[in-house]
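Asker: Mind docking chain C on chain R? Use the hints.
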Amino acid sequence: MELVELTIDGQEVRVEKGTTVLDAARSIGISIPTLCHYHGIDAIGACRLCLVDTGGRNLAASCVTVAEDGMEVKTNTPKVREARRTVLELILSAHPDDCLKCVRNRNCELQTLAENMGIREFTYEGEKPQFKQDDDNPAVIRDSEKCILCRRCVAVCQDVQTTRILFPQNRGFDTVVAPDRLAPLGETACIFCGQCINVCPVGAIVEKSYIADVWAALSDPEKHVVVQTAPATRISLGEEMGMIPGSIVTGQMVTALRRLGFDRIFDTNFAADLTIMEEGSELIHRINNDGPLPLITSCSPGWIKFCEHHYHDLLKNLSTCKSPQQMFGALAKTYYAEKMGIDPADIVVVSVMPCTAKKFEMMRPEMDDSDFQDVDYVLTTRELGRMLREAGIDFSALPVEDYDEPLGISTGAGEIFGATGGVMEAALRTAYELLTGEELPGLDFQAVRGLEGIKEAEVKVGDLTLRVAVAHSLGKSRQLLEKVRSGEKEYHFIEIMTCPGGCIGGGGQPIPTTDEIRKKRLAAVYTEDKNMPLRKSHDNPGVQKLYEEFLKKPLSDRSHRLLHTSYRERGKFE
Amino acid sequence: MEFYRNHILVCTGEPCVLKGALEVESILLTELQKQGLENEIRVIRTGCLGPCNVAPVLVVYPEGIYYSGVKPGDVQEIVAEHLVKGRPVTRLVGTDVEKRVDVVYQVPQILTGQERVVLRNCGIINPDEIVEYIGRGGYEALGKALIHLKPEEVIEEVKSSGLRGRGGAAFPTGLKWSFTASGEEKYLICNADEGEPGTFKDRLILEGDPHAVLEGMAIAGYAVGAEHGFIYIRGEYTLSIERVQRAIDQARKLGLLGKNIFDSGFSFDVEIRVGAGAYICGEELALIESIEGKRGEPRYKPPYPGQTGLWGKPTVVNNVETLANVPHIIEQGAEWYKSIGTPGSPGTKVFTLTGNIKNEGLIEVPMGITLREIIYQLGGGIPDGHSFKMAQTGGTAGGCLPPEMLDVPMDYDELAKVGSALGSGALLIMDDRHCIVDLLKCFMRFFNHESCGKCTPCREGTPRLLELIEKIMDGTAVKADLDLMAKLAENMEISSLCGLGQSSPKPVLTLLEYYQHEFLAHIEDKKCPAGVCKKLQVKGVV
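Taken in order, these protein sequences are the chains called R and C. According to the numbering used here, the residues represented by the first sequence are 1 to 574, in order. According to the numbering used here, the residues represented by the second sequence are 575 to 1116, in order.
So that you can see chain R by itself, here it is in the shape it has in the complex:
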């Protein structure tokens, strides 16, 4: 490792060659403010908040200035402080002064900077940008008036997800980050993954909230309100409530939901186990009946919409299984309603999801196999946190309670759906035993775990060598799928997750979500899996009972009607 030695504010520091001045300063405890810089995703040197003095005529943006031998950097001179302050004052001069009613109040990078830099008055006043909110879709709201043009969302949308919806348009003071020709998101190929929300330093992009609807349902005595919680929410809700990343709060979440007034607390993990039964059977069926292969997972609604826009030729490869959320919704208003003797018209299904694309998914017109909209409202992890705070629930002091039966029974296999590689691992655990009739020697498939963008494995299942691949983030997925398309790679089974890290990094998760935090959430998922008494989907007694009582067997007619779906080709602008 080649090192360079430089001086920052009089302190000598040695860093690896290629390190930025920003990172070098941070390594010795000097904090430099940033806005447009986002580690690993964006470094464009545009916001100019991280200015430092490197001895040149002009100040340098430390986020894109590479440390050099002998460099003398000053980060805290009157010149530097005044320049940074001017930059911040200019940003504030174009930003609405409405923190009190902003969804990002108290979790806003701009607000924090204003406080840290001691802003006590607005130096520059004048025209502010005026835009209409873009809220004409089920999932994501954009408010360009709040946008500070840091372009972190652009980097995520263009480079990480390669969805290429958001980019800067117009110029100068009229610059606006938006879809092509300022079209509303709902009229674009946006997949509503919400990654832009997670990187937005302010409240310019937020999820569409269904909190008010859920409060209304909860307070309606005629309604039987059931809730399902996605695998990745129990390892992140604690974070939203002020605990450290990776805190596991499954039991507290159940208690909290009960106290909010939900009639039944169920688990999406149940439906995840069910998904494995259906999708695993589908895989076996396709292998035995000449395809089409590879089979590609269909749990991640962002990916589904992406595939419908960009990979028409692969639609036949998608598993016909609905996502666990939608399987749950269809069963809640049929199987559960029947079992409980409740009119499905009176059942309200609420989902707590790490995801914004789930809000779009629930509104898909075909998701009404119960003869009602199968899922009524999707709340993100963040929205649930807001409800708990509003209800005055002291989360840290909550006792631990259990999910309700029957749709609250789950296994560790269902839990790992929240991690990249988890659906694959859960499927392998079940497929192995179903195909060979033997017990699986080791449950942990390390090859498909972790944050590597594309993971591959070969698994011996009896006589068959199953070739599988896992990709997360749509940019990485695109790379993988191009190789499949060209014939360079052949697999039996592919897992695609829209968001980096899988659902634990979803667009509805606590802000911030960084790689460091993703790793802690992943570790929590696998801990939760290990702690479960049952770790294979086919061992789930609730699922077994569901087949006995209602569905008969995987891929049965009723399964097909309630648990499977179809896809359609979409163009560029819908």
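Calculated from the structure, these hints are not laboratory results. Quantities reported herein were computed from a predicted structural model and do not represent experimental measurements. We put the CB at the ideal spot given by N, CA and C, even for glycine. Any given hint could turn out to be false.
[Unchecked claim] Here are the simulated DMTMM-like cross-link-like pairs (lysine to aspartate or glutamate), alpha carbons at most 25 Å apart as the crow flies:
#, chain 1, residue 1, chain 2, residue 2
1, C, 1015, C, 1098
2, C, 1061, R, 174
3, C, 1109, R, 125
4, C, 827, C, 905
5, C, 1015, R, 127
6, C, 1045, R, 121
7, C, 1061, R, 53
[Stated by the list, open to error] Quick list of simulated restraints, FRET-style, between CB atoms:
#, chain 1, residue 1, chain 2, residue 2, range
8, R, 162, C, 726, 42 to 48 Å
9, R, 313, C, 597, 54 to 60 Å
10, C, 727, R, 313, 54 to 60 Å
11, C, 726, R, 159, 36 to 42 Å
12, C, 866, R, 66, 39 to 45 Å
[Claimed, not checked] Calculated Cβ distances over 12 Å to all of chain C for the following chain R residues:
#, residue
13, 43
14, 61
15, 75
16, 134
17, 218
18, 309
19, 314
20, 549
Answerer: This is chain C only, laid out in the frame that chain R set:
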């Protein structure tokens, strides 16, 4: 070879074309035919000779009679009187410029005081005919470089000539070439996205002598090892685009561009890329982004284009005028070049004169000439009995100089000392009828329109400056606003991402320094001394 008794050079630079030169030319051809003179008199299109304020112009040789402001209705008289009877039409001869042009291939007298290196062919040859360029020694420098010089010798020659970039930044050209990283694939880009208000030198060079630029590009390509050149021309420059394309086609046909030029083993070709109207695309990295098909916005530096440029490859970006100097330096040597101009800024500079000056247009003079000489000798002074108030040097992003500074020598270093810049060579002259605050508003409106929007200081700072200026013009500003303007401008200078935001505060800072009294009159007396700001009183009027 054919002989003609007269040659008529019709200037077809853009200003002349806009004012009807092509119509004049076509009537001229018809009239000559009517008189049966088509085999005795030859009409030739040329590029610009300079005096654009009296367009359209044509010159009749061998007499060297210079007709200006020629209207279609005048043509018949010129043919009948001058070309048939030999009596020049005196009412159309010259105006404020010198009335006679010397014999062909001599320096015409209207160019007195000028030193034409870059523009030596402009207005003399037909830019659409490569043979005319070759006839004037064109492409000899390329031959010399390819056959007699090694690439490093070419770089050395340019380095020791002291040539500095004529686009505005004034970086030593030879040094830039020598910094170009090694690598298999490299690119050479000629920056012809001339967008600085009041600057039109590159356009007139391209229109008047396109081969000089192509030859300079080929030599530069040889020096740095680039086989592929792009010339990025501003979209509005339709005539330049047309002529450069024709020049490229002709050069290719003669093997002066393409594979294995002069059998030297060196190959070089040029493609045109057309800009779409953004000022920022004149910034080299924004230009590169634009060629790559992206939104035209600057990237941060370093890395410089010489390391990571077009498509990530080492790339040299040079201005039109810079490249047009190169063949002369190779041909006549660095010592000759250094004998022109000043030690720190050798060579000539092409200036474009606009505003309240008698002779608007294009001139080429040695570096170091004073502002006073340009305005009062070459420019003919301030018209209509008014007095000089301010000169802005280097374009809208340049500084503004008061009468006390008329004797500042025009070179890179001297102008920097007084807070201004030579920049692109634009010279805007303003007389006493203009209000300084109003002028500043015009400048800032331009930058407000052209800021790309990428970095905060330029995007948000420019409209705030504009609003402060408007407050002054409205009479609602207080004295502290001047300090705020200065503070904002100073911080924009040191904080912005690219040269645009770093230089757009220049007029603010120089005007605040040199014309403080006029700002104060607006703020404290609520009076506009020039009587321009409508919401304020005229000084002295009660």
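Asker: So which hints don't hold here, by number, going up?
Answerer: 12, 13 and 14
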